[in-house]
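Peer 1: What follows is each chain in one-letter form.
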Amino acid sequence: MFPKKPKEKKLVYLDHAATTYVDSEVKAVMDPYYTEKFANPSGLYGIGREVSTAMANARKSIAEILGTQADTIIFTSGGTESDNLALQEIAYPHKRNGKHIITTKIEHPAVLETCKFLEKDGFDITYLNVNKEGQIDLKEFKNAIREDTILVSIMYANNEIGTVLPIADIGREILKWRKKNSTPYPYFHSDACQAAGVLDLDVEKLHVDLMTLNGSKIYGPKGVGVLYKRRRVDLHSLIHGGGQEMGLRAGTENVPGIIGLAKALELTQENKKEENKRLIELRKYFWEQLQKNIDKIKLNGAELGDEKTRLPNNLNVSILDIEGEAMLLYLDEYGIVTSTGSACSSGSLDASHVLVACGLPYEHAHGSLRFTLGKCNTKEDVDYVMKYLPGIVEKLREISPVNLKVK
Amino acid sequence: MTQSPKIKDKDGNDWLYSDTVKDHFFNPRNLLKHGEEEKFQADGVGRVGSPACGDEMVVWIKVDAKGEKIVDCKWQTFGCGSAIASTSMLSEMVLENPARNASASVADGGGMKIEDALKITPQDILERLGGLPPNKIHCSVLGDQALEKAIEDWKIKK
Numbered sequence: 001m002f003p004k005k006p007k008e009k010k011l012v013y014l015d016h017a018a019t020t021y022v023d024s025e026v027k028a029v030m031d032p033y034y035t036e037k038f039a040n041p042s043g044l045y046g047i048g049r050e051v052s053t054a055m056a057n058a059r060k061s062i063a064e065i066l067g068t069q070a071d072t073i074i075f076t077s078g079g080t081e082s083d084n085l086a087l088q089e090i091a092y093p094h095k096r097n098g099k100h101i102i103t104t105k106i107e108h109p110a111v112l113e114t115c116k117f118l119e120k121d122g123f124d125i126t127y128l129n130v131n132k133e134g135q136i137d138l139k140e141f142k143n144a145i146r147e148d149t150i151l152v153s154i155m156y157a158n159n160e161i162g163t164v165l166p167i168a169d170i171g172r173e174i175l176k177w178r179k180k181n182s183t184p185y186p187y188f189h190s191d192a193c194q195a196a197g198v199l200d201l202d203v204e205k206l207h208v209d210l211m212t213l214n215g216s217k218i219y220g221p222k223g224v225g226v227l228y229k230r231r232r233v234d235l236h237s238l239i240h241g242g243g244q245e246m247g248l249r250a251g252t253e254n255v256p257g258i259i260g261l262a263k264a265l266e267l268t269q270e271n272k273k274e275e276n277k278r279l280i281e282l283r284k285y286f287w288e289q290l291q292k293n294i295d296k297i298k299l300n301g302a303e304l305g306d307e308k309t310r311l312p313n314n315l316n317v318s319i320l321d322i323e324g325e326a327m328l329l330y331l332d333e334y335g336i337v338t339s340t341g342s343a344c345s346s347g348s349l350d351a352s353h354v355l356v357a358c359g360l361p362y363e364h365a366h367g368s369l370r371f372t373l374g375k376c377n378t379k380e381d382v383d384y385v386m387k388y389l390p391g392i393v394e395k396l397r398e399i400s401p402v403n404l405k406v407k
Numbered sequence: 408m409t410q411s412p413k414i415k416d417k418d419g420n421d422w423l424y425s426d427t428v429k430d431h432f433f434n435p436r437n438l439l440k441h442g443e444e445e446k447f448q449a450d451g452v453g454r455v456g457s458p459a460c461g462d463e464m465v466v467w468i469k470v471d472a473k474g475e476k477i478v479d480c481k482w483q484t485f486g487c488g489s490a491i492a493s494t495s496m497l498s499e500m501v502l503e504n505p506a507r508n509a510s511a512s513v514a515d516g517g518g519m520k521i522e523d524a525l526k527i528t529p530q531d532i533l534e535r536l537g538g539l540p541p542n543k544i545h546c547s548v549l550g551d552q553a554l555e556k557a558i559e560d561w562k563i564k565k
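Sequences listed follow chains B and F, in order.
Heads up, the first sequence is in our numbering, so the first residue is 1 and it goes up one at a time.
Heads up, the second sequence is in our numbering, so the first residue is 408 and it goes up one at a time.
Here chain B stands alone, though its shape is the one from the complex (with noise of 0.2 angstroms):
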């Protein structure tokens, strides 16, 4: 039979790639501009003026540690809406001057989808392979550039397999290209989201031209983004309105969401170095418990080193003869919670694209877990989970006739 129940059922939330929770000092500095602090930022009045610096504070913040101005910094509803601003509105302004498009097989649906709507529109799209890690190859990436290439959309960090993209060498490489050629093209955006929290931002060292931020992956609030967009990139407006954010999304700012945005920023950022560390120990006992008491696993995407290669919270494997979502679905009876590559997770029924991408067998795809750590993870919630897993896995493998040879 399966483990037995505990007593008391603890949570352990293992899901830091779908969304975090709001860190209470983030929450804090937000919750004034629910209700007392509530006036419209474009009102002239007193309470308006203080919720417009308020605003014009947080702006300071982010561009701070993006390395840049304020005026570069965009506040949208989201991470999808980020990248649907920069892929849409660099593409049709500037498609007199090509229609060719570079990313990858691995991003994230908000870049990937956009990409397909615009190709289906006329666009010519080049999806880049990845190696078994999940990285690009630069050479691959060089070649695919052309004269009528528009943009390149490369996300900083994938967020299914940690996977992290060399974003300088390829802002370098678009730089090289752009003075050979005498051209503005392409522009180069990028998806950071799953990187924010993690990594260094700095647009002038990144050379992007757009980047994409939002608040709901570093311990902030859902429902608010960032994009970033260099001086002088020609971006126009997705959302028409009342001219808010330099024109370049109508709407009312949703204000308690940019200063909790800002908030946790500064807070992730200021403690990368310490939490990566003790991200990077924790998930390597989590990897040698899952070796030592579960057999025939398999680790997907780069092999488990530093930030520099892979995010730190991120451990995602394949249990064979197994499907995920069963496995997901026990998890959750004894309060584990993980998400899962396999086909029966998705609404499309497919397996994970970036499983797929990286070559792995749709066998394993559908047998994949992702688990991603995250602040208020500690041993114990990895010993929890190494208390139900194995048995799990041993049940499910019961009921599997994956191995069984039939006459």
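In case anyone wonders, no lab produced these hints; they're calculated from the structure.
Every residue gets a Cβ at the ideal spot worked out from N, C-alpha and C, and that includes glycine.
Treat the hints with care, as some may be off.
As the list claims (entries may be wrong) - Using 30 angstroms as the maximum straight-line C-alpha spacing, the simulated DSBU-like pairs for lysine-lysine come out as follows:
| hint | chain 1 | residue 1 | chain 2 | residue 2 |
| --- | --- | --- | --- | --- |
| 1 | B | 4 | F | 526 |
| 2 | B | 132 | B | 272 |
| 3 | B | 273 | F | 469 |
| 4 | F | 526 | F | 556 |
| 5 | F | 440 | B | 395 |
| 6 | B | 292 | F | 440 |
| 7 | B | 296 | F | 446 |
Stated by the list, open to error - Every beta carbon over 10 angstroms from chain B, so not counted as near; a handful from chain F, in silico:
| hint | residue |
| --- | --- |
| 8 | 440 |
| 9 | 448 |
| 10 | 454 |
| 11 | 471 |
| 12 | 474 |
| 13 | 521 |
| 14 | 522 |
| 15 | 523 |
| 16 | 533 |
| 17 | 555 |
| 18 | 561 |
Said to hold, decoys possible - Covered by chain B, according to a simulated footprint, are these stretches of chain F (three or more residues, beta-carbon under 8 angstroms):
| hint | stretch |
| --- | --- |
| 19 | 426-438 |
| 20 | 460-467 |
| 21 | 475-488 |
Position chain F relative to chain B; hints supplied.
Peer 2: Below, chain F without anything else, positioned relative to chain B:
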């Protein structure tokens, strides 16, 4: 893509799976244990799906001496929660007692007539499970096909 479990219905309520699905998922009935496949001495066995597709099922049956009805039915499944629950439910439907099984008389206990077993549709299994999320139906309710194959296998072997 990697996603958290879709265990909420369209109104956002928890557990898209019915209590019956949950029950069969957590307490699967009539499982054939690994290593007991030979010992079971099935009269017919059917296999459908593949791990690459995300679901695979094997169904074993025993048929009575007269060749009229299924007297035992076991299974193994690789797949998600609804795949496991639907195969378990199928085995129960085939074997359950006469109170629910119109084709079996009280005298001979449980077991479904071959002709009735061949009439089981995914819809029948779904109804008994109390429904499944729409996107799960097509892929995870394959048990009826495995049963049909097992019956075919029995017909060839008998």
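Peer 1: Now tell me, hint by hint, if it's right for this structure.
Peer 2: Now for the hints, and whether the structure bears them out:
1. Only pairs whose Cα atoms come within 30 angstroms are accepted, and residue 4/B paired with residue 526/F is rejected, the gap being roughly 39 angstroms.
2. Pair hint residue 132/B plus residue 272/B holds up; C-alpha atoms about 27 angstroms apart against a cutoff of 30 angstroms.
3. Restraint check for residue 273/B and residue 469/F: not satisfied, since their Cα atoms lie roughly 63 angstroms apart, outside the 30 angstroms limit.
4. Distance check on the hinted pair: residue 526/F and residue 556/F sit about 13 angstroms apart at the alpha-carbon level, within 30 angstroms; holds.
5. For the suggested pair residue 440/F and residue 395/B, the alpha carbons sit about 10 angstroms apart, so the restraint of at most 30 angstroms is met.
6. At roughly 25 angstroms between alpha-carbon atoms, residue 292/B and residue 440/F fall within 30 angstroms of each other, so this suggested pair holds.
7. With a C-alpha separation of about 27 angstroms, the suggested pair residue 296/B and residue 446/F falls inside the 30 angstroms cut-off, and the hint holds.
8. Non-interface call for residue 440/F relative to chain B: violated, since the shortest CB-CB distance, roughly 7 angstroms, does not exceed 10 angstroms.
9. Against chain B, the non-interface label of residue 448/F holds: every CB pair exceeds 10 angstroms, the least being about 12 angstroms.
10. Separation of residue 454/F from chain B is inadequate, the least Cβ-Cβ distance of about 5 angstroms not exceeding the 10 angstroms criterion.
11. At the 10 angstroms boundary, the C-beta of residue 471/F stays outside the reach of chain B, the nearest C-beta of that chain being 22 angstroms off.
12. No beta-carbon of chain B is positioned within 10 angstroms of the beta-carbon of residue 474/F; the least distance is around 21 angstroms.
13. At the 10 angstroms boundary, the C-beta of residue 521/F stays outside the reach of chain B, the nearest C-beta of that chain being 20 angstroms off.
14. Every C-beta of chain B lies more than 10 angstroms from that of residue 522/F, the closest at about 24 angstroms, which supports listing it as non-interface.
15. Every C-beta of chain B lies more than 10 angstroms from that of residue 523/F, the closest at about 25 angstroms, which supports listing it as non-interface.
16. Every C-beta of chain B lies more than 10 angstroms from that of residue 533/F, the closest at about 17 angstroms, which supports listing it as non-interface.
17. For residue 555/F, the requirement that its beta carbon stay farther than 10 angstroms from each beta carbon of chain B is met, with the minimum near 15 angstroms.
18. Non-interface call for residue 561/F relative to chain B: holds, since the shortest CB-CB distance, roughly 13 angstroms, exceeds 10 angstroms.
19. For the stretch 426-438 of chain F, the stated coverage by chain B holds: 4 residues have a C-beta nearer than 8 angstroms to a C-beta of that chain, and at least 3 were required.
20. Remark: the stretch 460-467 of chain F is confirmed as covered by chain B, as 6 of its residues place a Cβ nearer than 8 angstroms to a Cβ of that chain, reaching the required three.
21. Counting residues of the stretch 475-488 of chain F whose C-beta sits closer than 8 angstroms to any C-beta of chain B gives 6, which meets the bar of three, so the coverage hint holds.
Checked against the numbered hints given earlier, the structure breaks hints 1, 3, 8, 10 and satisfies all the rest.
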